[in-house]
Amino acid sequence: MTRDPPAAAITAAIGVALAELAERPAGEWPDALRARFPDDPALARQVLAWLHAQRAQAADRDALVLGDGARYEPGVRLDAGATASVWRAYDRKLRRNVAIKVFDAGAPAIEEILAEARAACEVTSEHVVRVFDVHDGESPYIVMELVGEHAPGTGALEPGASAATGRPRDLWEAVRWVRDVARGVHDAHLRNVFHRDLKPHNVLITPFSRRAKIADFGLAVFGTGRAARSRSADVEAGTDRAALRIAGTPGYMAPEQARGLGLALDPRDPADRATLVAVDVWGLGAIAHDLLSGHPPWPCSDGVEAWELAASGARPPPFPHRSPSGERLPARLAQIVDRALAARPGDRYPSASALADELHAVLGCRPTSFDRSPAARLALWSRRNPQLTVTAVVAVALAGMTFAAYAAVLHLEGQRAALAGEVRAVESDKDRLAEQARAARRELDETEANLRAQAAALDTLRGSLREAETEFHAIVQAREQAVRSASLATQALATVSSDRDVAEKTRDLYESFWTRARKEATDAGRDRDAAARDRDAARAERDQASKERDAARAAIGRTEHERDAARAERDRNAEARHQAEAEVAKLLGELTAAVGSDSVRPAALPVEASDPTTRGAVH
Amino acid sequence: MADDQIAQQLERIIRRVKRSMNYRGSYSTRDILGSLVARWVQSGEWERLKQLPDDQRHLGESVRRFILDRFDQLRRRGKREELDDAAIALPDDQVLAEMIELAELRAWIARQVAELAAGIVDARVRVPLAEPAEAGAILQLHLGGKTQREIAAARGVSLGLVNKRIAEGTSYLAVLQGIERGVL
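First to last, the sequence lines map onto chains A and B.
All residue numbers for the first sequence refer to my numbering, where the first residue is 1 and numbers rise by one.
All residue numbers for the second sequence refer to my numbering, where the first residue is 1 and numbers rise by one.
The hints are simulated quantities; they were obtained by calculation from the structure and are not laboratory data.
Being a predicted model, the structure only gives us computed values, none of them experimental.
It cannot be assumed that every hint is accurate.
[Said to hold, decoys possible] Subject to a maximum C-alpha distance of 20 Å in a straight line, what follows is the list of computed DMTMM-like cross-link-like pairs (lysine to aspartate or glutamate):
hint: 1; chain 1: B; residue 1: 50; chain 2: B; residue 2: 131
hint: 2; chain 1: B; residue 1: 164; chain 2: A; residue 2: 23
hint: 3; chain 1: B; residue 1: 146; chain 2: B; residue 2: 47
hint: 4; chain 1: A; residue 1: 430; chain 2: A; residue 2: 446
hint: 5; chain 1: B; residue 1: 164; chain 2: A; residue 2: 20
Let's have the full structure, built from the sequences with the hints guiding it.
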């Protein structure tokens, strides 16, 4: 189901209402909301519920300020549980940092809170968180030591964390934590305080020195000389020894704890005390199991709750061979955890200190109750004393070498005596053999003489053989040379044949070229003769043309001469005409002046027509 | 309904929602019985009894029989010498009815938180939730017992934001529970 986004205006109005009304008393909220949302009473009621819920969230913190005259100034919340939350706070009166466990309204009864505080106060141990004060007013709380340390660099106080949050860096740190917690538990047992809720969450670790302390004695049983007390409403019905009570953390419960323990267990009663001790020893084993394997002994599974697994008599899952960080878990450590987690209380360690001693022995490479064999004890001693071990090993090695050398000397002396006897026998044999040798030498000389003669003959034969071999080698070389020469000649012949073929082809090519060239030369001779004839004809034509040109040039000269004569004639005619025109004009002027009237008007003279020859000459 | 009556009912609802959301690390007898009652509710017996008239339900008898059967099964698996006549004192009908109501409320809260983590917001709640998916995821870790510091480290957000989302988510669940119960 998805909601449509409310209108922006309504959303903004709701936001403003929540912000403004949160600072005002709750009694003013209904009227203020009715005024803000007059047409929407359902929305007003939702905002009212929201405001109440928000106010309830801050109630725990406010309780700190209101309680005990505001002695404690609250800081950050360090942890929160089902019935209480733990806050860091500053004690203004004593000027120190503390941790305050604030109980929710209506959570445990005040008697139970006091019982928890008193149980913790009973124990004085460096491995148990100290309780400073308890407030049993309207808002109850317990003031405790703040498990923290000053940072080496800055000096600022750093709070620690639970072992469930700040896991061990390696398995040896885990073992140290469990050992320290076991010592703290033993200190509590000495004061008849039994925790019954041991788990990593209730083990606080200092941030720098990494020391472990037990916290939260909310489920503790303790006896102070009177009847035993434990925190729970069950206490009120605790007179019935036949009634059972189940309390603890499911994943870390001892089997008998999950099946229910008697309500009125008395720490002073040996049987009840053994039961309570066994439960805490199981809790220490459960812490070790969690820190070393990464999970509690009783894991959650579908359908079956962890406490049911514990109550069913089942065995916890097998202890792993390796830690969560991958380290191999020593078998002797697994044996110790297994014994602490034994199903039967009587099979577990008889006390927390016995378990602490076992873990301390593991840390110090000392024998535990499981290391009974001399070999195992020797191995542990050598790990505990590495220098002495090295020295002892070297000493043993030297002793062994010395013994071996002495034995070798004795053996050599025996060998030397035996050899002396053998030498004597050999010398007697040597004389006998010398005579035999002399006889043999003689035979040998004779044999040598024979051999020398045979050797001479042999040398002669060898000389002949060498000569024959020399000749044979020469023949072989000559034959090889001939073969090589024949091969070379064959190759040369092949080359010559090839060259000849090429030459013949070249000759044929040249002959074809020559034939064609001769034909072309003949054609060229014919062309040359024809050209010579053409040239002669051309020359004749040229000469004829030269003659005609000269005749033409003579004709031109004559014509030019006639032209020049004509031009002179023309010029003379023109001069004569100009003179005639001038005389005519003079006559006309004289005529005009003589008449002097319009009745006497001379007729116009046709000037051009009077001299047609001149006119034609001009053109 | 008068304002003070509404306020009282709201306070009761808010207190119950808040308490149901707290992670229970350490169990008391009552918590053990509560887990068995939750199993009884999951078995479907409660749905069957709801169909019957009040005078025929015999609620206490059914729950007690379921619890005793389970304890008997567990005790019979143990070694014979560890068995004795002692028994867990079972609560009366009124307390059992409260346990049933609480078991139903816890189951309801788990469902609503899962829906929030999936980004699903009930349309009936009109007060806007800033980041429903983030608030749902943080509430799931909160219900699983993680501290606020661990949640901040796991999700890479500030401690203040974790605190704010838990407060918003709780307010949302309280309003929704008020709507379901007819108060709002």
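Hint check:
Annotation: proposed proximity of residue 50(B) to residue 131(B) is violated, straight-line Cα distance about 37 Å (limit 20 Å). Distance restraint check for residue 164(B) and residue 23(A): the Cα-Cα separation of roughly 17 Å lies within the 20 Å cut-off, and the hinted pair is therefore satisfied. Restraint check for residue 146(B) and residue 47(B): not satisfied, since their Cα atoms lie roughly 33 Å apart, outside the 20 Å limit. The hinted pair formed by residue 430(A) and residue 446(A) fails the criterion: a straight-line CA distance of about 24 Å is larger than 20 Å.
Our distance criterion of 20 Å between C-alpha atoms is met by residue 164(B) and residue 20(A), whose separation comes to about 17 Å.
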